[in-house]
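Enquirer: Residue numbers (UniProt numbering), protein chains in the order written: chain H, 1 to 168; chain U, 1 to 503; chain E, 1 to 325.
For the record, the hints were derived by calculation from the structure and aren't laboratory data. Misleading hints may appear alongside valid ones.
Once the Cα atoms are required to be at most 30 Å apart in a straight line, the calculated BS3-like pairs of lysine-lysine come out as [what the hints assert, rightly or not]: (1) E:K87 with H:K153; (2) U:K432 with H:K3; (3) U:K432 with U:K298; (4) H:K7 with U:K432; (5) U:K298 with U:K255; (6) U:K141 with U:K298.
Note that the structure is predicted; figures quoted are calculated from it, not measured.
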Amino acid sequence: MLKAVLKAESLIALGLMGLSVYFMWHAVELPTTWDGRRGPGGGAFPFWLSAIMLAASTGVLVRTVLAEVRLPDPRPFFEPGMIGPVVAVTLALTITIALMSVVGTYVAVPLFMLWYLRFFGRNSWRVTVPLVVGTPIVLFFFFEVALLILLPKGITEPLFFPLYAIFF
Amino acid sequence: MEVLSLLGQGFATSLLPLNIGIVIVGVTLGLFIGAMPGLGSVNGVAIVLPLTFIVPPASAIIFLAALYYGAMYGGAISSILLGIPGSSTAVATTFDGRPMAQQGRAGLALIAAAVASFVGGTISVVLFTVFAMPLAELALKFGPAENFALVLLAFTTFVGLGGDDAFKTVAMICLGLVLSTVGLDLISGQPRLIFFDMPGFYAGISFLVLAIGVYGIGEVLWTVERSKVEPTVTPAKVTWAEMRAGFAVLSRTWKTMGVGSVMGFFVGMLPAAGATPASLMAYGIAKSTSREPDSFGKGNVEGVVAPETANNAASTGSLLPMLSLGIPGSPTTALLLGGMVMWGLTPGPMLFVEQADFVWGLISSLYTANLAAVLINLALIPVFVWALRMPFTVLCTLVLVLCIVGGFAPDQRMHDVWLILAFGVVGYLLRKADYPLAPLVLALVLGPVMERSFRQALISAQGDVTTFVTRPLSATFIGLALLFFMLPLLSRLWARRGGSRAA
Amino acid sequence: MLTSLPRRVAIGLAATAALAAAMPAQAQDWQPSRPVEMVIMAGQGGGADRLARLFQSIIQQEGLARLPFMPVNKGGGSGAEALRYLKDNEGNPHIIMATLNSYFTTPDQTDIGVDIEEFTPLARMAVDTFALWVNVDSGIETLEDYVEAVRAADGSWRMGGTGSGQEDSLVTALLEAEFDITHTYVPMGGGGDVATALVGGHIDATVNNPSEAMSFWQAGRVRPIALLTDERLESMPGVPTFIELGYDLEYYMQRSFVAPGGLSEAQQAYYVDLLERLSQSETWQSYAAEQALLTDFLSGDELQAYFVEQRELHRQILASLEDQS
């Protein structure tokens, strides 16, 4: 039984149930009742929809556990050796996004690309270098010069002052 | 006949060499903006609008029309190639466009999208030319109750009974609808669901953030895992012969195109609805009237044709209330409206009388922009398809970078970028556990209009629920919505009876 | 960010009169070194957004600034998001914000820890006006007709407005208090949606800005009953004000620019100077006249005093609104 609950499918259903309870807890900050003249209050939609979500994910959980008890599914949720790359990419993205506000997009993005292309994807330097150098340049001209959207620069901002002076 | 002569004068303006040059630049720029995940016509128009004050109004509106069309065409490109809808109007295009690209039929999908967009755009411009004024009056009949019923219909045409796992579908729809309520409640003026008191949630959760997270990052994580097992994308090539074969295939979808165009135009014309419900309804209708509904979602070319005709027709349709009533039907048309006011033109009922030159110049430029867009788009297809032939890790890197930067660009908020990452991871897990993601994304798109119009209608009717069924238009839509909801169930019952009789 | 605390205190003490006199010299002391973010307290496509983008294009067209101004919409939570952003960027001289009246109400209604007195006031560019509108088919022509019709409807008279707690609902509250009537207030979203719903007969009255309903009036679909201004408007001939009809009702929407707190005098002076030149430009003046906007320019301490006074006024209206419900 416990093994069936600890199955990844059940854990995801449990996660959704937890999320719906959390949403309901937030939703009750506003009235969830039906006012005779004005219809439902501000909290009604999120509250009752979360309640339905809770019911539906409970349904998924019960079904999964029952099926698992009756006939355990031998296939693992994460195939061995597959989860490693996924976690690596997720971590790399987290670090990149965190770095964007600190050292800026134009440092964080090339670092990420360097890691992904060269060390994760094992591309040759001949493929890696042009992309790592070229992408930030394209981003700068497309977003900043053409579309007037400034990307985060963090502490590298002063380095861009001369560029602004030239291109704007 | 008066219409024709006015249109002729319009063409005389829009075919000046300067204006043709403007159309080409506008369409190309629009294509790239639209193809960028995160950016769509609204960003393109917002960014370019101030530049148009430097040129005369006639050229300016031509430029904006070209950009608008270019971006609408471009939205399909990222939907098909990357599986990331660049805007909400292109969600339905991913359903079959993405599988086609994975089967190595990206070229055909792109051609289908371009041709369908052209057909949708052209039919709707013709409708526009002929019926502009009477139709504007029809749009006014749509109050909150009608809007609610219409959005409900859009929803049910796509999410009927049957198909995916019912529990999981319901959970995903509710999750999407709950996420759509985050931010400020318009009716009560109170903030709600501000998780962890983060100020970023005051703005609500944008559709783009969820779509880029789920379809962009989530998809890459999924392929990173799969790539060691199986290749995901079959490289596509586009040859002249294939293009011709593509046109032959498309000529058999004329019915879908016709329905998509006309319906797209009418739904797009309604201020609260717009191109997203239009594209979903067109997809739903194409699927339920098809002889092989099961092939939809697995790379049926009609699944690309239907939403693409409808969303382009709808974007033309949404210009109608903007010009004839001064009501913007979408953020993009709201910006265009602002632009016109700044040029000293007053959109509204008097515009067609007082500024006939301008109106017909605009309409004729819609024709030329549409033609230019399809030609430029077709010419660029080999370039887009070539992009798919990049080594897998290179493509993944570029997609991830585009997701991060494209997610930041529209509102320039790091909060959104973090949310994209979170949605990416959650989307990846949900997808592994076989939860359908399209209902989640669609619920977030349609949720705000649904809740708001439902509550507005009730307030207007002093809390009387029967308002939805006593108003004829609203009652019709609700009836249709019920029918569409039951349709899969009914057809299954019917098939079973037919089957048992045969046996 | 770079400004030290004593310096901030110094600004607080500096008198605007001195600032204004010294402006021409000081305006040269500081120049932006990066493009300036123009934060808009509302979403894309609304009235505030359109105006901010007009300002941006005039700045660009007339070459008023060396580096461009980039509009960024932060409309979340009736501007709560924008206010918080400004607070979090204290001392950053490359951000300015275009405000509307939610500048007064949102800090009180949402718990974001913002005090608008901490921000640097730059300039008030315009004041928008309000009018009471009805559909022509209703047959209502005068204020007496209107009040009678609302009384007869016994609370079911549908008044359309933008959102709850926003300008339109405040004006509705003012009307209700003055005439002792009740409306059913229907929040519709944007000003354009409100005007359309009135023409379509989905609501019975609105308090739209003249610019939002003007074209329908010209087409004979809606009718203005009275203006919430102190004098009649040139662009709306024949429409009386509430004041001349004997009711003390007046309400305006201000369109101003502010900057984060902790800017130096030179930085503030740069923007005030720029905005003053902008407000004198011909494009702006002719646009304002067409749209029935009043263009009384206000800056410095006078502007801050105006903000504080307006905030007090809004608090009173909101308080009376709560008493009723």
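Enquirer: All the hints need checking, so say for each whether the structure fits it.
Expert: Results of checking the hints against the structure:
Of the pairs offered as hints, the one joining K87 of chain E and K153 of chain H holds, with about 20 Å between alpha carbons and a cut-off of 30 Å not exceeded. Pair hint K432 of chain U plus K3 of chain H holds up; C-alpha atoms about 19 Å apart against a cutoff of 30 Å. Between K432 of chain U and K298 of chain U the CA atoms are separated by roughly 18 Å; this keeps the pair inside 30 Å, and the hint holds. At most 30 Å may separate the alpha-carbon atoms for a hinted pair to count; K7 of chain H and K432 of chain U meet this at roughly 13 Å.
Our distance criterion of 30 Å between C-alpha atoms is met by K298 of chain U and K255 of chain U, whose separation comes to about 20 Å. About 39 Å separates the Cα atoms of K141 of chain U and K298 of chain U, which puts this hinted pair outside 30 Å; it is violated.
Consistency note: the structure conflicts with earlier hint 6 alone.
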